[in-house]
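Asks: Sequence:
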Amino acid sequence: MEIFFYFIFFLSFFLLYSFFLLKKMRNLPPSPPSLPVIGHLHLLKKPLHRSLANITDKYGPVLYLWFGFRPVLVVSTPSAVEDCFTKNNDIVFANRPRLLVGKLGGDDYTTMAWAPYGPNWRNLRRISAIEVLSANRVQSYSDIRFDEVRSMVKRLSGHGSKYRMVEMKSMFFELTLNIMMRMIAGKKYYGEGEHMKDLEEAREFQEIVEDTFTLSGASNIGDFFPLLNWIGVRSFKERVMSVIGKKDKAMQELIEERRSLRRNGFKVEEKKKTVIDVLLSLQETEPDYYTDKMIRGFIW
Numbered sequence: 005m006e007i008f009f010y011f012i013f014f015l016s017f018f019l020l021y022s023f024f025l026l027k028k029m030r031n032l033p034p035s036p037p038s039l040p041v042i043g044h045l046h047l048l049k050k051p052l053h054r055s056l057a058n059i060t061d062k063y064g065p066v067l068y069l070w071f072g073f074r075p076v077l078v079v080s081t082p083s084a085v086e087d088c089f090t091k092n093n094d095i096v097f098a099n100r101p102r103l104l105v106g107k108l109g110g111d112d113y114t115t116m117a118w119a120p121y122g123p124n125w126r127n128l129r130r131i132s133a134i135e136v137l138s139a140n141r142v143q144s145y146s147d148i149r150f151d152e153v154r155s156m157v158k159r160l161s162g163h164g165s166k167y168r169m170v171e172m173k174s175m176f177f178e179l180t181l182n183i184m185m186r187m188i189a190g191k192k193y194y195g196e197g198e199h200m201k202d203l204e205e206a207r208e209f210q211e212i213v214e215d216t217f218t219l220s221g222a223s224n225i226g227d228f229f230p231l232l233n234w235i236g237v238r239s240f241k242e243r244v245m246s247v248i249g250k251k252d253k254a255m256q257e258l259i260e261e262r263r264s265l266r267r268n269g270f271k272v273e274e275k276k277k278t279v280i281d282v283l284l285s286l287q288e289t290e291p292d293y294y295t296d297k298m299i300r301g302f303i304w
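In this text, residue positions in the sequence shown follow the numbering used here: the first is 5, and each later residue adds one.
Treat the hints as calculated values from the structure; they're not laboratory data. Hints should not be assumed to be uniformly reliable.
[Claimed, not checked] With a cut-off of at most 25 angstroms between alpha-carbon atoms, the simulated PhoX-like pairs for lysine-lysine come out as follows:
no., residue 1, residue 2
1, Lys173, Lys276
2, Lys50, Lys251
3, Lys49, Lys191
4, Lys191, Lys62
5, Lys49, Lys62
6, Lys158, Lys173
7, Lys297, Lys250
8, Lys297, Lys276
9, Lys107, Lys191
10, Lys107, Lys297
11, Lys91, Lys107
12, Lys275, Lys241
13, Lys107, Lys250
14, Lys251, Lys107
15, Lys241, Lys191
16, Lys173, Lys191
17, Lys253, Lys107
18, Lys297, Lys253
19, Lys297, Lys251
20, Lys158, Lys191
21, Lys241, Lys253
22, Lys253, Lys277
Could you put together the complete structure from these sequences and hints?
Replies: The following block contains the structure:
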C-alpha cells in the first residue's frame, strides 16, 4: 500500500511538472530539432555569425537554442532587437550571463562589467556617469585625445616619407591604449613625450590586455556543461587565474603610483585628474566602499 502511495505521488508530480513545462515552452520562440545533452551545438560552425545566419534563414528571425545546458535566444532582425531593448523588455535583458570568467575575473560578479542588474550595478553605473565619466570630465580629456591622434599622424607621416609599410591594426591599438592609460593613470606606453614609460612595462601590459580579451571571448566548456567544472576541466580556470594575478598586480602598481604622488603633495588640477585620482579622492571619504579591490575592478 505504501509503495502504491509513493507511485501515485511521483506520477502526479511528474504529470504536473510536464504540464507546466510544456505550457511554459509554448510561450518560447521556435526551436530547431536538437540532440540530447549537446542541444544545438552540432549546428554551429565557423564563422559563428554565418552559421547563425543560416539557421535563422531556415527557421525564422527569432530562435530559442540550447548550447549544452545553457538556453540562448537568437535575434536577427532590427525590429526584434528593438523589442528586446526598449519598451518594457530592457530590464528583462539587462543581466549578463554568469560565466566562469566573470566569477573569477569580475570578483564574483561584482564589477560593473559582470554585475547582475540590481542595486550594486546601478550604484557602479551612477559612479561612472556622475563622478568618473561625467560630460565635463570626458570633455576635459579632449586634449589627451587630440595629442595622441596628432602623435599617431606624425608617426605615420614619418613612415610614409620613407615608403615603409604600416600595420594599422597595431597603430590603432597603441592609440587606443595610450588614450585610455593617460585618462586612467596619466601615463602612456607608446610613441614619445613626457608621459612615456618603460618599454618592458608596455610589453607586459599589452600582453595582459590581449590575454584578457582572448579569455573574455573564449568558450569555456564548463559554462555549457556545468558538470565538467567538477570533474577536472581546470586548464581554462588556471589560465584565467594567471591573467587575473598579472592584471591585479599591474592595476595595483598604477594605484600606488598615483597615491604616492598625492602623499608627496603633488597637486593636480581638477580638469587634469585621472580616473584613479578621482577614485582615490572618493576613497578618502568612503574608504569602506572604495577599496583598492573595488578601484581595480572599476578601472579594468
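Asks: None of the hints should be skipped; say for each whether it holds.
Replies: Results for each hint:
The hinted pair formed by Lys173 and Lys276 fails the criterion: a straight-line CA distance of about 29 angstroms is larger than 25 angstroms. Only pairs whose Cα atoms come within 25 angstroms are accepted, and Lys50 paired with Lys251 is rejected, the gap being roughly 31 angstroms. In summary, the hint linking Lys49 to Lys191 is not supported, as the alpha carbons are separated by about 42 angstroms, beyond the 25 angstroms threshold. With a CA separation close to 52 angstroms, the supplied pair Lys191 and Lys62 exceeds the 25 angstroms bound.
Note on Lys49 and Lys62: the hinted pairing holds, with a Cα-Cα distance of about 15 angstroms set against a maximum of 25 angstroms. About 17 angstroms separates the Cα atoms of Lys158 and Lys173, which keeps this hinted pair within 25 angstroms; it holds. Distance check on the hinted pair: Lys297 and Lys250 sit about 14 angstroms apart at the alpha-carbon level, within 25 angstroms; holds. For the hint linking Lys297 to Lys276, the alpha-carbon distance of about 24 angstroms falls within 25 angstroms, and the restraint holds.
Under the criterion of a C-alpha separation no larger than 25 angstroms, the hint pairing Lys107 with Lys191 is inconsistent with the structure, at around 30 angstroms. Restraint check for Lys107 and Lys297: the C-alpha separation of about 15 angstroms stays at or below 25 angstroms, so the hint holds. Between the alpha carbons of Lys91 and Lys107 the distance comes to roughly 30 angstroms, so the proposed pair goes past 25 angstroms and is violated. Straight-line distance between C-alpha atoms of Lys275 and Lys241 comes to about 41 angstroms, which puts the hinted pair past the 25 angstroms bound.
Under the criterion of a C-alpha separation no larger than 25 angstroms, the hint pairing Lys107 with Lys250 is consistent with the structure, at around 17 angstroms. A threshold of 25 angstroms between alpha carbons decides the hint, and for Lys251 with Lys107 the separation of about 15 angstroms falls inside it, so the pair holds. Proximity of Lys241 to Lys191 is assessed by CA-CA distance (about 31 angstroms); at most 25 angstroms being required, the pair is judged violated. Simply put, Lys173 and Lys191 have alpha-carbon atoms about 21 angstroms apart, close enough for the 25 angstroms limit, and the pair holds.
For the suggested pair Lys253 and Lys107, the alpha carbons sit about 19 angstroms apart, so the restraint of at most 25 angstroms is met. For the suggested pair Lys297 and Lys253, the alpha carbons sit about 11 angstroms apart, so the restraint of at most 25 angstroms is met. Taking the CA atoms of Lys297 and Lys251, the gap is about 12 angstroms. The hint holds against a cut of 25 angstroms. Taken as a hint, the Lys158 and Lys191 pair is honoured in the structure, with Cα atoms around 19 angstroms apart against an allowance of 25 angstroms.
Note on Lys241 and Lys253: the hinted pairing holds, with a Cα-Cα distance of about 18 angstroms set against a maximum of 25 angstroms. Restraint check: the Cα-Cα separation between Lys253 and Lys277 comes to about 22 angstroms, which is no more than 25 angstroms; the hinted pair holds.
Checked against the numbered hints listed earlier, the structure breaks hints 1, 2, 3, 4, 9, 11, 12, 15; every other hint is satisfied.
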